Amino acid sequence: MENTNWTQSLQQDVGWNRPYLDDESLVPRKYNTLRIKLIEKGLVCNSNGNVYIFLPVLNKWAILCSDEAIKNLNSMMQMDSASVSYYKAFRPYISFLERSSTDNIATSIPTSVCIGTNRLRVARQGDSLTLTKCEAILVKNPAYGKSTHISSLCYMPLSICKWPSEWTRTDEYSMYKFVSPLFSDPGDLLTIEWALGNALLDPVHVSKAIILYGEGGTGNSTLLAAIKTSLMGCCGSIPDNALVGMEQGMSDDVASIVVSNRIVTACDVGGLGENTNLSVIKSLTGHDYISIPPLSARSSCSLIYATNRLESPKGNSEWMSATIMRRVVVVSMNSDALSFTERSMPQDLTSRLDFALRCIHTRLVYPHMPVSPLSVILTLTGSSSSKVLQYLKESNSEDITDTDGNIVLSIIAGAVGVECSVVGEMARKISLSAVKQVRNLYHIVGAKPSDFYYTKFGYK
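Mapping of the sequence shown onto my numbering: residues 1 to 460, in sequence order.
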């Protein structure tokens, strides 16, 4: 008998995730449905570590772990048992789609914003923005070496159906007029606009956590309500106690909100003796893979958090870490918001869209987050800020003497228990625009010793 090599009769394996099948009858009906309706049409893709499927009815891409994506799969596959056991019903098919998504990798996302079901390319010229529909995203198929295009990936959009092709910055629209009186320093509103615009623009490189610090009645809740109204569709809320405590990681309920929104808001309802959960803040803003059993998804989320207390840098050494300083900025809320209660919040489409585009414009104007000296000091010193601020004051001049700059660093360093050089380095982590290098130290721009400091220590 002729000794033949039986391996020559086997078909070449095209990939572990797409095994060779010569008989379609071997493929279960539901898998075949996914293959025909989604995979072969290029309607499953992978971008930024997440798997998306295209929803024809809504004309947009949705993250695979979202409710709307699962509902679409349920309708497509007629999964009558899905309500009984989600895991048993969907886990095999989700795994099938996850493996198939590696053949459809979105490698290029333009600087754009999602409005309605459209991804729009954004260009700035002075005080104006131009918004045009994006070209399709380039997709590469690693198994076959092909390059194709798919429809522009649009997810977590602003829930706005119409948009202008041109927009010009103005202070005349009612949403801006509603929120601007909440800030005694217009620079603090710029900080918040920058953080929101940074979250709205693709690709999101660094997410921020803005802590609105102030007692009740200073405008925290009013501002959060305005943000949630203006950024409907990509802004969610997590429970008020989600950022209080010492537990590691997030609950599944919080995680599902984080991965399906660009921005989340929260209020602190903890007591003065409780700790802010820095672990959750790091996970939320870290662009990490977050577990949402039976799935995991990569977050791209920023946080706006209202509280009447700050962490103690001495009591919690992690507060003064580079990781926290790179992500967290404290903004002082000190307005008399109760005097604004007679005004109703604008709900019209024009005002909402104007505020969103204003935030995007601010982000494009400033390459680094604009941060006031007060915000830098509050962020660095936390709960020790009240002791520090009596010795410091703001200065409109960037030309601060070496002596004054060194005194500022020394005061803060003494309050938080670190070296002067560390204070400057951490201020630099907050924002490059917040510091000015003088010899080997980074001085805080706009901060200098107060007259009280010089009087108390005998300089005057």
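If you're looking for bench data, these hints aren't it; they were derived computationally from the structure. Remember, predicted model here, so these are calculated numbers, not experimental data. Among the clues, some could well be false.
[Unchecked claim] In silico PhoX-like links for lysine-lysine, alpha-carbon gap of 25 angstroms or less:
id: 1; residue 1: Lys456; residue 2: Lys387
id: 2; residue 1: Lys314; residue 2: Lys393
id: 3; residue 1: Lys71; residue 2: Lys41
id: 4; residue 1: Lys448; residue 2: Lys387
id: 5; residue 1: Lys71; residue 2: Lys37
id: 6; residue 1: Lys177; residue 2: Lys133
id: 7; residue 1: Lys71; residue 2: Lys30
id: 8; residue 1: Lys162; residue 2: Lys140
id: 9; residue 1: Lys228; residue 2: Lys314
id: 10; residue 1: Lys71; residue 2: Lys140
id: 11; residue 1: Lys177; residue 2: Lys140
id: 12; residue 1: Lys30; residue 2: Lys41
id: 13; residue 1: Lys162; residue 2: Lys133
[Said to hold, decoys possible] Distance ranges between label pairs, derived from CB positions:
id: 14; residue 1: Arg326; residue 2: Thr168; range: 29 to 35 angstroms
id: 15; residue 1: Leu138; residue 2: Leu432; range: 28 to 34 angstroms
id: 16; residue 1: Ser221; residue 2: Ser421; range: 19 to 25 angstroms
id: 17; residue 1: Ala322; residue 2: Met246; range: 32 to 38 angstroms
id: 18; residue 1: Asn396; residue 2: Asn275; range: 19 to 25 angstroms
id: 19; residue 1: Leu138; residue 2: Lys387; range: 52 to 58 angstroms
All residues carry an ideal CB built from backbone N, CA and C; glycine is no exception.
**Prompt:** Are the Cα positions of Lys448 and Lys387 separated by 25 angstroms at most?
**Reply:** Roughly 15 angstroms separates the two Cα atoms, so the pair holds.
**Prompt:** Is it true that the CA of Lys162 sits at most 25 angstroms from the CA of Lys140?
**Reply:** violated, 32 angstroms
**Item:** Pairwise hint evaluation, Lys387 against Lys456, where the allowed Cα distance is 25 angstroms at most
**Value:** holds, 14 angstroms
**Message:** Check the hint pairing Lys71 with Lys30 against an upper bound of 25 angstroms on the C-alpha distance.
**Reply:** holds, 15 angstroms
**Message:** Hinted pair, alpha-carbon criterion (25 angstroms max): Lys177, Lys133. Please report holds or violated.
**Reply:** violated, 30 angstroms
**Message:** Does Lys133 sit within 25 angstroms of Lys162, going by the straight-line distance between their CA atoms?
**Reply:** Measuring from Cα to Cα gives roughly 12 angstroms; hence the hint holds.
**Item:** Hint check for Lys387 and Leu138 - Cβ pair distance inside 52 to 58 angstroms
**Value:** At roughly 55 angstroms between Cβ atoms, Lys387 and Leu138 fall inside 52 to 58 angstroms, so the hint holds.
**Prompt:** Are the Cα positions of Lys177 and Lys140 separated by 25 angstroms at most?
**Reply:** Violated. Lys177 to Lys140 sits at ~46 angstroms, over the 25 angstroms cutoff.
**Item:** Straight-line alpha-carbon gap Lys71 to Lys140, limit 25 angstroms
**Value:** violated, 28 angstroms
**Asked** Does the Cβ distance between Leu138 and Leu432 fall inside 28 to 34 angstroms?
**Response** holds, 32 angstroms
**Item:** Beta-carbon spacing of Ser221 to Ser421 - inside the hinted bounds 19 to 25 angstroms or not
**Value:** Hint violated: Cβ distance 39 angstroms, outside 19 to 25 angstroms.
**Item:** Holds or violated: Lys71 to Lys37, with C-alpha atoms at most 25 angstroms apart
**Value:** holds, 15 angstroms
Checked against the numbered hints given earlier, this structure breaks hints 6, 8, 9, 10, 11, 16, 17 and 18; the rest are met.
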